[in-house]
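Bring the two chains, given one by one in their own frames, into a single complex with the hints.
Here is what each chain is made of, one letter per residue.
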Amino acid sequence: MTGFTSTLSAIPWAPDPVSLLEHLADQSAKEGRFGLQDANLILAEAVRELRLDQDFDVGGGMAPMLAAWSDLVEKYRSDCRQATKAIIDYLRRPELKIPLAEDEFSDLELQLCAHADAEIRPLPAVTGPEFSEYLSPVAQEIIALLLLQCQRIRSSLRDIAKDENGSVRGGLRQAEEDLERFFNAANTAGLTGLAQICAHVTANVGRLLEQSDSLTDAHLELLLGWLDQAQAYLPACNEADAGQLLVAGLADPQWPLPMPFEAVAEILRKIRSEGATVINDPAPVRPETAAEADVSLDLPSDVNPELLDLLLQELPLHTQQFSEAVQHLQAGGGEDDVNIAQRAAHTLKGSANTVGVKGIAVLTHHLEDILIACAREQKLPGRALGNALINAADCLEGMSEALLGLGAPPPDAKAVLQAILDWANRIDQDGLPASSGEEPLAEASTVSADPAAVIDKTETQSAAVRVAAGQIEKLFRLSGESIILNGQAQESARRLRRQAQTMRMQFTMLRQLGEELERLIDLKDLTGRAAVAADAGFDALEMDQYNELHTVSRRMAEAALDAREIGQDIDQELDQLGAVLEDQQLYAVDAQETIMQTRLAPVALIAPRLQRGLRQTCRLTGKACDLILTGENLLIDGDLLNTLVDPLLHIIRNAVDHGIENAEDRAVSGKPSTGQLAIDFVQEGHTLLLRCRDDGRGLDHAAIRAAAEKRGILAPGQPLAEAELQRLILRPNFSTRTVTTQTSGRGVGMDAVYARIVALGGTMALASETGRGMTIELRVPLPLSLTHALLVNVGRFRVAIAGKGIAQIHHRGDCERIVEEHEDRIVLGGKSYPATRLDRLLHIPEQRTQARPHGAVLLVEYEEKATAVLVDSIIDTMDVVIKGMGTYIGKIPGFIGATILGDGAVTAVLDLPELLRAPVRPIEAVALASIVREEADSVLPTILVVDDSLSQRRALEQLLVDAGYKVRAARDGIEAVELLPQVNPQLVLTDLEMPRMNGIELTAHIRNQPGQTRLPVIMITSRTTQKHRQMAEEAGIDAYLAKPVRDDDLLDKIMNLLPENT
Amino acid sequence: MKTEFIPVDDSNALASARQPTGVHPALPSAQEKCVFGIRIGAIGFLVSPSIYCEVLDKTPVNPLPNTAPWLSGLVNLRGNLVPVFDLHVVLSEEVVNPKNRRLFVLGRGDDAAAVWIDGLPVIKSSGLFQTETDLSALPIIQRRFVMGGYEQDGQIWFNINFEDLFKALGHQHVLGDSLA
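From first to last, the protein sequence lines stand for chains A and B.
Heads up: the first sequence begins at 5 in my numbering, then just goes up one per residue.
Heads up: the second sequence begins at 7 in my numbering, then just goes up one per residue.
Here chain B stands alone, though its shape is the one from the complex (with noise of 0.2 Å):
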């Protein structure tokens, strides 16, 4: 398992080892001077510098029988299993190259979960954003997780709550007969 790490600005990362271990806090602000871009297909998604990643290449990803579609399975991180989720399924965005795909960790721990990410995660730096985009004409799917849009270049980037869309994600119920 290859793990690759994002380098942060350094005057974010004693903030970054001080973090709690979920990705809950700190969604990025027009004060933070760069955050990470990463692309679900055509679609980037903007990631605060203060939430611990990693990127791992070439894990194994090992599959639940009986689960949601957007739930690959589990990897094993460190000891810890972390749930790996397809975005790409949720989003209908199509898998451009398999092969470049990465599993983008966010969180540590119990509060870890991972994503397959196209490519590799970017900086971008937030002072370069301008406007923000509509939002009601994005799918409903988006419109209750994104916190926000930007625009940069033509490439839309979307402030997204990752904490409560794995949540909603993790926490599909499956009835039993008994109670229809």
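Bound-form chain A, shown alone (with noise of 0.2 Å):
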């Protein structure tokens, strides 16, 4: 080989020693010199770590030992034996710090020999370069590996002393070895062909072993020739002919085991096509700029179901697991939780990819790489990466709970996945950065999150099967049905125990009849009888006298006792026939808690939003505080879980916005730092009740008496209580902010959770103390699907009492009814207490002509009160399936739901503490009018979307839902023309490129329209160039922001240009 040179003048395009070093380390495994290849790139690390050591003198002290070195590099080329021990004695150097072990050393000195004694050929002239130019890094070290085999096997047939049969057997079984692990190779590197030949190869030298007295020179060159041949492929793999060399010669005869023509054709076909895809994978570029497919959430048409699945229930776990590893590492974490992080966010891309969900692969594929980066050159992230670490985990919770159908996908997932390409470019070219300007980094230490409890999380999940939602509740109906047939059959039974009864006693009568009957025969028989007994022979009173009357009589009382006898025996089958119902209606009831048991989750499911929720809000306060859950053990229904989480949300953003205090005046105060923001979950009964306490500033009551003065609500000067000021927050877009943003302000947080919670058949309680913070408790009733009841007549209905609150029942003669400070009011057991009728809480007409007492009274306990409620009358007691009387049908207060009873008759189940807590009005107060003028009294803006992605519509819909507007959504421009006049928005958002009728022509027809001229439209689109954005500012677009947009920006400009009274 002529043109190698080594010192540092004579290549003037690598002044750098660094990659002089590996130009020599490229030219020494083209001339297959593996183990001077690798003493070239041990002595490259070690100068590119020297480089940092900011003590060490690059200049001045490198030059001479790389001049050292490159002669050395010139002796092994010319007496390979006599420099490697040279080689060796350099790279132990103390100054050069090579984190080699001994056996590593020794190892390459095997290597650095292994090349000695192997006899160089020089390799067949071709054109171009050894390697060939479009071989990647990666593929050329796999068959740099590759030929080092070849070498070995090649020193392996050197050695043989055809002479000694010792040597030959000793030489041929090593060879045989070596080609075994060339096999594994070559399969691992993806080139079956390879392998394939390799595997023909060996059971060649496997068939010269078994018959070693018969090995001959052809035989050895044929060996030795087809490896030549090997090492002229390998680095030319990925050419088009480059297997014709490989498999040239496998069909000597006098190979053992000659290959036929067809194999070898088979073969090459195989190895052309391998060496065009399988080692010429360049390595992945990083891209520098998120597209909006990198962080699409669509699933493949052809998504294979059960690893879905499989993906949806590790989804949350994995991603809290990543969530709570930075957040540990923001707080001051340590290596276990980069560890930590690196392999949820690893476990993560794989199921990810697996399934083909491109925006969660590709967020944590560069996750992963930067917590490599930061194991590898052990540093934890300073605040500005952990910040992004952190936004990501966020994104990675909003994706998974946008799969698992929870909520939108999180709409800044593009700035986010941005974000993270930025941090991991930068580190791709100038490693991690140091922590100038920032907080000092924290040293790798042992505070950190425990990961045994972290891996227990997941060790201690139990099996789970996932179930469709719809079939659970299909599962729960089919069972309330099956107990209200049950129910209907068991009234059946009733029934015909009642009518066997009947039976029963009419038999008695006819067998008394027959008696009666007998008798009036036999007397009759008696004053005949002597005329008939004088010709017989026979006395009377010898012998009975029959006749057909006596025969009719006795056969009919026989039967009347046959028949006594059968009703005795249908008693006995409907005694069973009721055990069996009663047993039946047990396991239905059973199976029907069973099922209400899966309807159940933790408390702890929703707790990442709620902290989510609060992080955000005090990313955009500036604020610091702490949320501490309790109770997140409890399981309570799920649906009424998700429901709670809006609720909860808007709670925590007015308790951090308008509640907690800065930090300047928190320590003016002497609080902490950091507010503190507690919700305790905890179950009384059936009622859920939730706790929300803060230690902020507490409501301020001047500025609620102003804001309602301002409203109108209160006179100037009007006194009023405390309490009843305080609920005056929860009126509809009551605030006592004058400036709107984005987190309050627009007056639609706690008017919005009062709704809610009434709408859940709940109660809100306030409590609020200045200075010291605000306490808010909520009360909601958990789903009852099954209870005890009482029906009762009221008036001309028929109603079933649920048993909750019911403390006595009593016979109106238990009780006493008398008239105290013009109140009615029930003595029962020398106890007095308020009373009321149910006619009266239901508002029913007094059904009644004259006066009569009620039937039964009922003592109802509720808030630490109780109440009697005088009722016509109880029919019966049973266990009731509640159902829900439809979509269409909203809470009725005082309603649990209503019931199919064993008629089929269809009653209303009352709730009757709640119905004492709040009375209703009497239903005529509500006009029809108020229907139509429902919409009109809420002066929520209303927002019109208007998009043709799915996910970006909900994307919006989320944020300006949240953001406290009213939103319709519209697939195009065709659907919003037909939605305008419906909706009447106050602001258009809308997409540029639709189907139908882009946003353009859309925004055209709107500005055509009278009435709608100057109604605000803002244009959303990824197309960014002046050409677009002309067109649509000359269809009269009023803002246009270009993709991807940040919610505040977005948010600001529609409050800029939404008109002030809204």
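Calculated directly from the structure, the hints in this document are not laboratory data.
In this text the structure is predicted, and so the values were computed from the model without any measurement.
Mixed in with the good hints there might be a few duds.
To be verified - Negatives, chain A to chain B, calculated, CB over 12 Å:
id, residue
1, Pro723
2, Pro785
3, Asp818
4, Gly1040
Unchecked claim - Here are some of the chain A residues that sit facing chain B, going by a computed Cβ distance under 8 Å:
id, residue
5, Val803
6, Leu846
7, His847
8, Ile886
9, Lys887
10, Gly890
11, Ile893
12, Ile896
13, Ile904
14, Gly908
15, Ala912
16, Val924
Built from N, CA and C at the ideal position, the CB exists for glycine as well.
What follows is the structure in structure tokens.
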């Protein structure tokens, strides 16, 4: 080989010593000197590390050392054996700080020596570079290893002394072992054609081993010749006809097992196809810009359902794991947290790639790279990188929830990915940044999340099966129907029993009649018996004389007796039927309770969402606050839990924005710099109690009064109790803020919470202490599916009263009615209770023509009070299945639901404590016109979102609803045009490119409609060219925003464009 | 309880079977071959054949105490509780012959709702409809939910958004005295 130069000055294009050494390594590899290649690479790495050591003079100290190295390399080329030791001694120099262990130095020495022993044949002349220029560095490395293996096999064969059988067998055995390793390596590299040939050659060596006495020079020549071909093939394995070299000669009849031509052709075809695809895969280049497709959560059309189920099961766990680890890092965690986060990211990446969820796969891929860099460089992320990781963790959790159907895709996913990409690219180029300008990086310490605890969480997860929510609902409904039918069957059995009893009575009567008839017949007989008896020769007293009447009457009596026995049998059967039905009902109730359990979810499930909401609000307001949740292990209905998330998020936002002071004010008040917000979940019987406490400034009563007076709710100076003043904040659109922000000020927070809780049949209580904080107590009834109820008559209605709250039931005779201070009261057991009538509670007109006492009195306990409720009469008591009244009937105060009775009739199921706690007004007060005015009363601005992308629509909808707007959505311009007159929005958010009618056409249409010419239109699009912008402006849009759009920017723009009175 | 099923055009039968249970999709359009027409008093309403519907005759309606006058009560329809709305009250239409009233159920399962209709539904061929009527003269309650009107042989038939109407009628709030 000519042209090999190794002095610094001879290679003007490689002034850098690292580049020089890498070049020397490449040259060595081309020559097949793989030991020398490794030595050059080791030295290059050492030089790279030394550069980072500021104390080491790279220019002054390194140059003479490198000059000496290049001399050694030259010497090695001429005399490998002598130079090998010198090379090893050189690399052992302490100033190089090469971290190789002794056995590693020994291996390197062996490698260097192995080349010295091998006879190097000049490679066939090739045009162009030795390694195909299309082979990536990774591919070259694989091939270098295979070439090294070829050298080893050659060495084994060349050591064979043909005259010595022992040497022959030993050499062939060694060659066979080396060929097997070569086979495995070729398979691992994906070169299955080469591996197939290698297996064929191995088989030939095996045959030669069996017939070791007949090994000839020709056999050795064939084997060594094949090795030459392999060495020629490997560096150019992806080129068009490289495989021909490899298969040439395999069909030579001198082989113990020559390869058939068909097999040769087949292998050649395989080699050609592999070479173009397998190794020639360049290392992926990290993109610099995030694309919309990179954050897509769309599932492939051929997604494997089982894999998807597995992913959906694992997602919450691993995203939470990742989130906790990065939060620990931000709070001063250590290396273990980096490892935990990297493992979680790796797992998520793998799972997402398997299923095909690109958004998660791409984000976790780059996150993993960043964390690997942290681990490799043994550095912890600084504040800026830590914040980016936390944002990414939040984004991953949002994506997880979107895939689980619990929320919209995170709208800032692309921005988050862009930030991570920026970090990853920066780390690729410059490594992890130093901590200049930031808080000092935490030393890699032992202060970290307990990995064992995290691992325990994963290991204790029991086997689970995902079942569609619809299936559970269906099972629930079927079990409910089963209970209802069982009830109907029991009712039928009761009626049958009553009929059987009636029948028995009839049979008894029949028997009595029969006996009576017998007596009459006997009597009649006696009077006519003497004439008959004299003729027969017997006296009437000696022989009974029978006629047909006797027979019939006797038969009738017997029939009545038989019927009575049958009746007794029927009774027994009915008893058994009753027992079976009771057992069946027990099983049905058990089944329903078991199904009910599947709907239960721990409160901990929503904890990450609440924490995320707190973090977002803290970021927006610049305040610090901790959220402490208790009762996380409480199991409650999953639907109810999801319904409570929004109200709790509202409460959290309000607490942080209005209640928690900033750090300076808190310091002045002597409070810790970080605010405290605690949410306790407690179950009290059939009620869920949520207590939300903050340690902020409490309600500003003066500001509330001022706002109320300004709105005309209160007259100036009008006295109002503090509790009533506090409840003013629950009114729609009530706010003490004069300036709206994204967090609050629009007055839609607490009234929305109140409305949601009331809709659930719950209550909300406020308690505020100025300067110390506020407590909000929500009481929400837990969903009931089955309850014991009293069936009562009230007026013309028959209703079921749930047993909830009913402490005692009394007959009217047990109580005394009195009037005390114009209030009806009942005296029971010496105690007096306020009394009311059920028909008055329900505003049912009095049906009685004359007053008479009610039939029963129910003593109802609620909120530490007790009230006596008078009902007309109690018909029955039973277990009832509570059913909903359909999608269209909203929550009716005082009603839990309705039920189907045994006779198929439907009756309402009442909640007496709720009726007593929040009395309802008579329905006549609600006029039909109020339905039309309903929407007019609400002054929440309505925004029409127009976008053909479902995920984009949902994301915008979620953002705007959370910000307090009413939102309607349309899929394209045509649908938007149809919706405009109905919805009458205050603003339109539209995409540009949509089917049927694009955003520009829609805007032009709006501008041509009378009454809508001033309707604000914002366009959000990925088209950023001036041409598109101009077209949109000419059509009449008010704002043109290019994606990705920050939430804050969009909300600011909307606020600026909305008319002032909205 | 007697149930009468309205025969549908065969070409829509499969589409009807596949429709979701709610009443929201597919308001009648000019492209549809036929639509159902129901009468509430003197007013006619159109119902798309793509909506699952049935007629109930002599089905007991169970009233609920202290509810709006337009909510007649609930019926037990094969184990599902279906609210019954009396649109005669909403539209201030007279009930001409109470014995001729039947229940017309739209939708299935939890998304079902029933209205009282006079007589039986009829099948209208939408191709015969001619002009749209001016809706501005309608009472406000109709204007809010009516999507359009068609005239045929002197009879006006309205296209109505039943889903929104039922939601509005069913979600009337009765406030407690605690928040006056």
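Do the hints match the structure? See the list:
1. Pro723: holds, 16 Å
2. Pro785: holds, 15 Å
3. Asp818: Given that every Cβ of chain B is farther than 12 Å from that of Asp818 (chain A), nearest at about 26 Å, it holds.
4. Gly1040: Given that every Cβ of chain B is farther than 12 Å from that of Gly1040 (chain A), nearest at about 27 Å, it holds.
5. Val803: With a minimum Cβ separation of about 7 Å from chain B (threshold 8 Å), the hint on Val803 (chain A) holds.
6. Leu846: Given a least distance of 4 Å, the restraint on Leu846 (chain A) holds.
7. His847: Because about 5 Å separates His847 (chain A) from the closest Cβ in chain B, which is inside the 8 Å limit, the hint holds.
8. Ile886: Hint on Ile886 (chain A): violated, closest Cβ of chain B at ~10 Å, above 8 Å.
9. Lys887: Holds: closest Cβ of chain B sits about 5 Å from Lys887 (chain A), inside 8 Å.
10. Gly890: At about 5 Å, which falls below the 8 Å cut-off, the nearest Cβ of chain B leaves the hint on Gly890 (chain A) intact, so it holds.
11. Ile893: holds, 4 Å
12. Ile896: Given a least distance of 7 Å, the restraint on Ile896 (chain A) holds.
13. Ile904: Ile904 (chain A) check passes; min Cβ-Cβ to chain B is 5 Å, inside 8 Å.
14. Gly908: holds, 6 Å
15. Ala912: holds, 5 Å
16. Val924: It holds, given that the least Cβ distance between Val924 (chain A) and chain B is near 5 Å, below 8 Å.
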